[in-house]
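Engineer: Could you build the full structure based on these sequences and the hints that come with them?
Going down the list, the protein sequences come from chains P and D. Just so you know, this note's numbering puts 75 at position 75 of the first sequence, and the rest follows in order with no gaps. Just so you know, this note's numbering puts 271 at position 271 of the second sequence, and the rest follows in order with no gaps.
Hints are supplied without guarantee of correctness; some may be wrong.
What the hints assert, rightly or not - Heads up, simulated DSS-like pairs for lysine-lysine below, C-alpha to C-alpha not over 27 angstroms straight-line:
#	chain 1	residue 1	chain 2	residue 2
1	P	K173	D	K121
2	D	K249	D	K310
3	D	K249	P	K227
4	D	K275	P	K166
5	P	K245	D	K303
6	P	K227	D	K300
7	P	K81	D	K310
Said to hold, decoys possible - If you want the ones that stay clear, here's a sample from chain P, every Cβ over 10 angstroms from chain D, calculated:
#	residue
8	V117
9	I207
10	L221
11	G240
Stated by the list, open to error - Restraint ranges, calculated between C-beta atoms of paired labels, are given here:
#	chain 1	residue 1	chain 2	residue 2	range
12	D	R173	P	K245	39 to 49 angstroms
13	P	N232	D	I60	56 to 66 angstroms
14	P	K106	D	I60	27 to 37 angstroms
Hint data in this document are derived by calculation from the structure and do not stem from the laboratory. In this text, a Cβ means the ideal position worked out from N, Cα and C, and glycines have one as well.
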Amino acid sequence: MIKRTKVKEIFLSDFFFSCSSVLIGLFIGFLIMLLTNPAQSIAGILTILFSPMINLRDIEQVLNIAPSIILTGLSVCFANKIGLFNIGSSGQFILGAYFAVWCGVKINFINNSLHFVLAILLSIIFGAFCGSIPGILKAFYNVNEVISSIMINYISMYLVNFMIKKNIFDVTKNHSKKILDSAVTPKLMIDNFFFGSSVNLNIFISIVAAVVIYIILEKTLFGFEIKTCGFNHYVARYIGINEKKILILTMTISGALSGLGGGLLYLSNTGNNLQVIDSLAQEGFTGISVALLASNDPIVIIFSGLFIAYLIVGGFNTQIYNFAPQLIEIITAIIIYSSTFIFLIKKYFSKNKK
Amino acid sequence: MHIFVFLLRQTIFFSMPLLISAIGAMFSELSGIVNIALEGIMILGAFSGILFINQLQDKIHGQTLLLIAILISALVGIFFSLIHGYASIKFKANQIISGTAINLFAPAFSVYISRMIFSIKQISFKNQFIIKKIFLLNKIPFLGEIFFTQTYITVFISFFILFLSWLVVYKTRFGLRLRACGENPNAADIVGIEVSKMQYIATAISGALAGVSGLTFIIPTSTQFDGNVAGYGFLALAVLIFGQWRPDKILFASFLFGFLKAISTSYSEIMFLKKISISSYFYKSLPYIIILIVLIWTSKNTKPPNALGKIYDSNEN
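Structural biologist: In structure tokens:
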């Protein structure tokens, strides 16, 4: 008897359902590969699935991509707990990134690791600022947060492009200037563990952030208030929660997380430089995928972030078989789409089995 | 004077796509479904239409080619909006999430396919669709110069769609039922309206219009497509809110933002703006800034359809 219920539990666990939506995504991705390039499709899908774990370089790459999308994922997740959809993560990300890089390039009178700390603080502050605007507009003017954050995404993109051109542009290389060594993310021996690779503190900072968000949401009064507002604002108002304050704070923290993600990516000195292009930062949207895949659980986000980073690296590797790396975005979009109703199928099953 | 006419012509080119896709979104939102997938559907509509033009531009010519492309864009739009509708109506999934999935899918898919076919992400086409002047009508002072010279057939289609949708929403039984579904699906259900069927139809209309709108955006303003429509789908949602879910106000709102967009792309040809020499980035972000301000100004008193975004389950009651 006990065994059977255990089997049922595994079958009905969130993990199982997330896995099945991942499988659907990969399967349809494979079909698209089969239709567009049948000769190399098998090699392509095997590359996506297995190549990043073979090569040490690729493992490094996964660990370098993951932190920023874990943080944008946390940002989306945190706002979602109060029922808001933070699609503005992209703008918060790029604004945080700019100010971190600006600090890294321009502040030259601090030459120890305090410089890095200052740059990170700036990215958090400006990310938070950018996130707080839709929060304030929602709380006081009833502006739909999805629309306002999208507008702010474009505004901050153009603003950042303007400021890069004006302040920190390297004309010869056509991207932002190199940051000073003191602002580069410290490695703290972690690279020794990975045989002198470029892996740095970022992944640990993002894991710590996930744990902190988990503690805030599950173990503090503030987290309880957030979830109450998200659950039912009549109840929240009735038990005396200052809904507007909580809403603005939530969006501010959510923005801070995205800003931190931007700062970490561009301070890590792994070949990422700010460019002047008229398109929104993709990491913000990847964060939405990360959060949805983890069904908004901060701890699971660490793994879903690593997983999507793994797919991105795998997708990048398929270029030797003539596949475009956009394939991965297609696959993640399908994963998200199938996850929207796969949880409802689960609900249906658990209702019937009782 | 010349620059003024030019600016107004540009305004029309920029505001028509906003108008059509906002009208489309109006249909789906009046029925209670949030179609945040507009951006993605616009991209897919533009992609399929442009791809068709690119492949067949040597065999079919002129307006016939464009009209077939419009039809294809509409069909592709319907297909993807029904994917969104299937999740949100049949499975009662979160409408924002399934819409976002399509928004993520669309640019990736169109860039992927064009890179697989052309090995670059741009699809180019010969612009053979411009109508130099329409006989006699171009002689009308002022209006003739703006609407009937150097124009596109899509402009007239857009105005026709506007008129038709006003007629449908306010003067037909279908329109009344549609609005009932978005206001109070329970009551609509009780009087015998099939709520989910109405919602499917409304979502399909919004998809068709968004698909056409994507093509309408690319044809007059560019000669290639690279997998994005500059956030126009999202702008259309803002226009819809500013337009208070009403066709006449939507027309006004889309003209306003079309005008701002026209300034942002052609400010360098306007003498007095060129003299002030403000950074081009300011003009580029101007439409978005103004929309944000306008939203602050209007949102407090907006009244969206009552059951918008709420999932209606007839079994629950």
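Engineer: Decide, hint by hint, whether the structure agrees.
Structural biologist: Hint-by-hint comparison with the structure:
1. K173(P) / K121(D): Cα-Cα ~23 angstroms, so holds.
2. K249(D) / K310(D): 25 angstroms, holds
3. K249(D) / K227(P): Answer violated: K249(D) to K227(P) is near 37 angstroms, above 27 angstroms.
4. K275(D) / K166(P): 20 angstroms, holds
5. K245(P) / K303(D): With a Cα-Cα distance of about 24 angstroms, the restraint between K245(P) and K303(D) holds, given a limit of 27 angstroms.
6. K227(P) / K300(D): 25 angstroms, holds
7. K81(P) / K310(D): At roughly 18 angstroms apart (the allowed maximum being 27 angstroms), K310(D) and K81(P) satisfy the hint.
8. V117: 30 angstroms, holds
9. I207: 25 angstroms, holds
10. L221: 28 angstroms, holds
11. G240: With a cut-off of 10 angstroms, G240(P) remains clear of chain D, as the shortest Cβ separation is near 24 angstroms.
12. R173(D) / K245(P): 39 to 49 angstroms: 47 angstroms, holds
13. N232(P) / I60(D): 56 to 66 angstroms: 57 angstroms, holds
14. K106(P) / I60(D): 27 to 37 angstroms: Given about 57 angstroms between the Cβ atoms, the range is violated.
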